Amino acid sequence: MNLLERSTVHERDFAIESFDTLYARVGIGPNRAENYRFPQWRSCAIRRILTNTYHLNRIAPAAGLVWPVRAPTRIVVIELRGERLCFRMRQLAFFERSLRLSTIVNAQIPWASFESPLVTCIEGHGRVGLRIEGDPLLVSRDAGSGGDAPHINLPRLAAWTADTRLEIRVEPGYHNTVLVAAATAEITRAQLVVSAREDGAEVGSATLLRRLARLVVP
Amino acid sequence: MRPAATPTDDSPRPLVLLAGCLVATIALCATVPLVGFLVLTLLVYAGAALLAYVLARMVLKFLRENLGESGILTAWRPGVFGGLRVAAVVLLLWAPFGVASVAVFGANGLVVHLLGELTVSTIDGVQADLGEREGDFAGWEEGVRSGLRFLPLPGKDTLRDAVDGVRPGLRSVRGALVNLLQLVRFALVVESYFAWIFLMWLTVRSVLYFLARTVLADHLRALPPGEGVDVRFDMGLLRAFPREAQP
Chain V
244 MNLLERSTVH ERDFAIESFD TLYARVGIGP NRAENYRFPQ WRSCAIRRIL TNTYHLNRIA
304 PAAGLVWPVR APTRIVVIEL RGERLCFRMR QLAFFERSLR LSTIVNAQIP WASFESPLVT
364 CIEGHGRVGL RIEGDPLLVS RDAGSGGDAP HINLPRLAAW TADTRLEIRV EPGYHNTVLV
424 AAATAEITRA QLVVSAREDG AEVGSATLLR RLARLVVP
Chain X
77 MRPAATPTDD SPRPLVLLAG CLVATIALCA TVPLVGFLVL TLLVYAGAAL LAYVLARMVL
137 KFLRENLGES GILTAWRPGV FGGLRVAAVV LLLWAPFGVA SVAVFGANGL VVHLLGELTV
197 STIDGVQADL GEREGDFAGW EEGVRSGLRF LPLPGKDTLR DAVDGVRPGL RSVRGALVNL
257 LQLVRFALVV ESYFAWIFLM WLTVRSVLYF LARTVLADHL RALPPGEGVD VRFDMGLLRA
317 FPREAQP
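Read top to bottom, the protein sequences are chains V and X.
If you count by my numbering, then the first sequence holds residues 244 to 461, one letter each, in order.
If you count by my numbering, then the second sequence holds residues 77 to 323, one letter each, in order.
Note that these hints are calculated values from the structure, not bench results.
Here the structure is a predicted model, which means the values were calculated and not measured.
Backbone N, C-alpha and C define an ideal beta-carbon position, used for all residues, glycine too.
A few of these clues could be false.
[Unchecked claim] Restraint ranges, calculated between C-beta atoms of paired labels, are given here:
id	chain 1	residue 1	chain 2	residue 2	range
1	X	Phe181	V	Val309	53 to 59 Å
2	X	Leu194	V	Arg454	44 to 50 Å
3	X	Leu186	V	Ala258	37 to 43 Å
4	V	Arg275	X	Pro300	54 to 60 Å
5	X	Leu314	V	His394	30 to 36 Å
6	X	Leu91	V	Arg457	41 to 47 Å
[Said to hold, decoys possible] To give an idea of the chain X side of the interface with chain V (calculated C-beta under 8 Å), a few residues:
id	residue
7	Leu91
8	Phe138
9	Asn142
10	Glu145
11	Ile148
12	Arg153
13	Pro172
14	Ser282
15	Phe286
16	Gly304
17	Arg308
18	Asp310
19	Leu313
Next up, chain X with everything else stripped away, as it sits in the complex (with noise of 0.2 Å):
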């Protein structure tokens, strides 16, 4: 007998939340700049590590499905020539990632360059208006500064390059559009390791499907003729297949 079905959950609610968080953030940088960075910044980090953890339970699991009694890496022998042509191959693959990566830096330079010399420009005007003492920092938001120097992690320059330019003094609408800029200058230079991280994860896909295909191949070879190998869905997100039931 069918039991009551649980409908699944097909309300925007999630994204609604997801679209409020995202404006509320730049109206955090637009309006307190330096805590609002501060929180992107961490927020990066929180990603970064989460990535990290993530990779290493794929490669447990990579291990754990492919070597073992009847895994295909553990009988992996390559002979010289085969692997002076794979290595050929693999550096021919690393090739396009070169050329995107100097494409990407390049064009997000450029712009994050513009945005810089705009935001200067206008933080000169707003300062000539309003005078010097106007766009001075306060106490505790120049301690913020500084203590950025502390930050044990890596991009603290990022941060402290965007953080440079904001004028938490001003309170009108052209100091909250100067920080703005700054907001977009910190989404593109972090966007741009990003885009970088994507090119350096396509590439190594491609090596790793070339070097997958290579090794099956040799393996295949060293099996009597139309014998295969074995394949099993029984697995999770991040767990391998039980290793007591291995075919």
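Extracted from the complex, chain V is given alone in its bound form (with noise of 0.2 Å):
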């Protein structure tokens, strides 16, 4: 059973009891009194900060237990057996307390060019899920894959495993670079990659005024 077929789309309210201890974004999740905690406090702390996950919500599931679901946003549920996940912090949902975060830097010009090189990962055995705005795209594919490779845009990415590699492509044009256009990325090899299929305020929405101040503070 690979990753793919480990990763589950909820569109509606779906039971947790089967799951162990989870840790939630504080604010989201069941109906019941939170507990706060402070789980793996030296990993990802500055990221955690600016995101509001370093508290995080310890969830005890209990038998009738469901976790709410509304639209348009899903939760995506990815069951990792070992394998290690990339992804982004703000859209973290949850995570079973014997998942392990971590952090990467990828210092690669292509990368760097448009995302952090801090990239936030989380590894170990458990379930993970995530908050997608919109269908979300689950996409698997093998190094020798024929066709064509599926091709996403840089900020609808939301995870994707480390053994991912991705082609990125850019619009040539110096307005481009300056103004920071959204480059696209296609994927060579992934087990697993997860990103949101439409989302127009993740992508091209921004102001010109907010992309020259992107600019400044990228």
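Now that you have both chains on their own, put them together as the hints suggest.
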């Protein structure tokens, strides 16, 4: 059973009674009193402080407990069995307590041109839930696969396995360089890539002024 | 079969320890200020040394991931006009940094000056009450202060300025208050340097992002239409990906 088959997209409320103890983003999750904790307080500290995930809500699953899902948000639950998954912290919904958070630094110019070199990862054996606005796109691709490789707009990328190989493409032109026009990633190899299928808010909707401001504070 | 899970620690003990260290430092600076300030200064130096080490590793990692046969930097040859245009944008990106630096140093300097005035007036009041001799430094404290002259590290003037105002001979609530004011002054001076470094980092970051996009655009222009540049994620925090496994 590959990672794609172990991933589930939830459009409606789903039961979490079979889950291990969860750490969930504060403010979302089951209708229960919150129990704040600081799991792995040394891991990804700055990123977690900036995304309000340094303190998390500890949830002990019980019979009848469900995780609420409200449209247009979807929850993608990925069951990891030793794989390392890179993801955007702002999309984290929850993770089981057996998983470990870590950070890698990707200093490759094609990646560091558009994204933060600090990439958050999670690994181990357990389930992680990601919040995606709109219908998510889940892609898996072997190195030798024929046909057209799927393209994904970089800002729409939500999670990807550490074995992923992307081919970055940008439109030529100095204006695109200055105004930080979004790049496209062609997935040449990946066990799993999760992205938002359509999300106007994430891509291309920033005003000209905000785009110029991004030049000063990327 | 799923192996037994190793639960992650979510105990607040490390944070309690951190808070305990903070309180102990404040107490140390209030009661034995010279030792407190020396410890703080040494911690700042140790932090700076650690940061320098991490930055050096990052630079090596950056070179390893972008140089070599398939490295994007190897083939980059900017033209004269393109180079001038890039230099102009880089200069433009430095402008907000200059304005923000002046604002940070100005605001911090004003607060440090006001706190200094307050400390001096408080010391004068205490000394007027207790007499000059009570405020004198003991011999070993005089030795520590003169020893600062030989501290071979930057920032010793800041430290000397901070300890100049402390009165370790006074064992009273007012004496401790004076020392705490000096601690706040010291913290503000250190903070202004950190703020400056942060601003510098923000600016360097925006320049690097811009330069990276420029290099990438130039590189892709030289490639056949439809071809991109590979990106991988099997590296570590300070470890570059294995060179032999490059695509």
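Okay, the hints, checked on the actual structure:
Taken as a hint, the range 53 to 59 Å holds for the pair Phe181(X) and Val309(V), whose Cβ atoms sit roughly 54 Å apart. A C-beta distance of roughly 46 Å is found between Leu194(X) and Arg454(V), which places it inside the suggested range of 44 to 50 Å. Taking the beta carbon of each, Leu186(X) and Ala258(V) are about 59 Å apart, not inside 37 to 43 Å as hinted. The hint said 54 to 60 Å for the Cβ distance between Arg275(V) and Pro300(X), and at roughly 57 Å that hint holds.
A hinted range of 30 to 36 Å for the beta carbons of Leu314(X) and His394(V) is consistent with their spacing of about 32 Å. Checked against the hint of 41 to 47 Å, the pair Leu91(X) and Arg457(V) fails, with Cβ atoms roughly 34 Å apart. The beta carbon of Leu91(X) is positioned within 8 Å of a beta carbon in chain V (closest approach about 6 Å), and the interface hint is therefore held. Hint status for Phe138(X) relative to chain V: holds, with the closest Cβ pair at about 4 Å, below 8 Å.
Of the supplied interface hints, the one on Asn142(X) holds, with its beta-carbon coming within about 5 Å of a beta-carbon of chain V, less than 8 Å. Of the supplied interface hints, the one on Glu145(X) is violated, with its beta-carbon coming no nearer than about 15 Å to a beta-carbon of chain V, more than 8 Å. Taking 8 Å as the C-beta cut-off, the interface hint given for Ile148(X) holds, the closest approach to chain V being about 5 Å. A hinted interface residue such as Arg153(X) counts as satisfied when its beta carbon comes closer than 8 Å to some beta carbon of chain V; here the least separation is about 15 Å, so the hint is violated.
Because the beta carbon of Pro172(X) sits about 6 Å from the nearest beta carbon in chain V, less than 8 Å, this interface hint is met. At about 5 Å, the closest approach between the beta carbon of Ser282(X) and any beta carbon in chain V falls short of 8 Å, and the interface hint on this residue holds. The closest approach between the C-beta of Phe286(X) and any C-beta of chain V is roughly 7 Å, which is under the 8 Å cut-off, so the hint is satisfied. For the restraint placing Gly304(X) at the interface with chain V, the shortest Cβ-Cβ distance is roughly 4 Å, inside the 8 Å limit, so the hint holds.
Of the supplied interface hints, the one on Arg308(X) holds, with its beta-carbon coming within about 5 Å of a beta-carbon of chain V, less than 8 Å. Checking Asp310(X) against chain V by beta carbon gives a least distance of about 5 Å; that is within 8 Å, so the hint holds. Interface hint status for Leu313(X): upheld, as the beta-carbon distance to the closest one in chain V is roughly 6 Å, under 8 Å.
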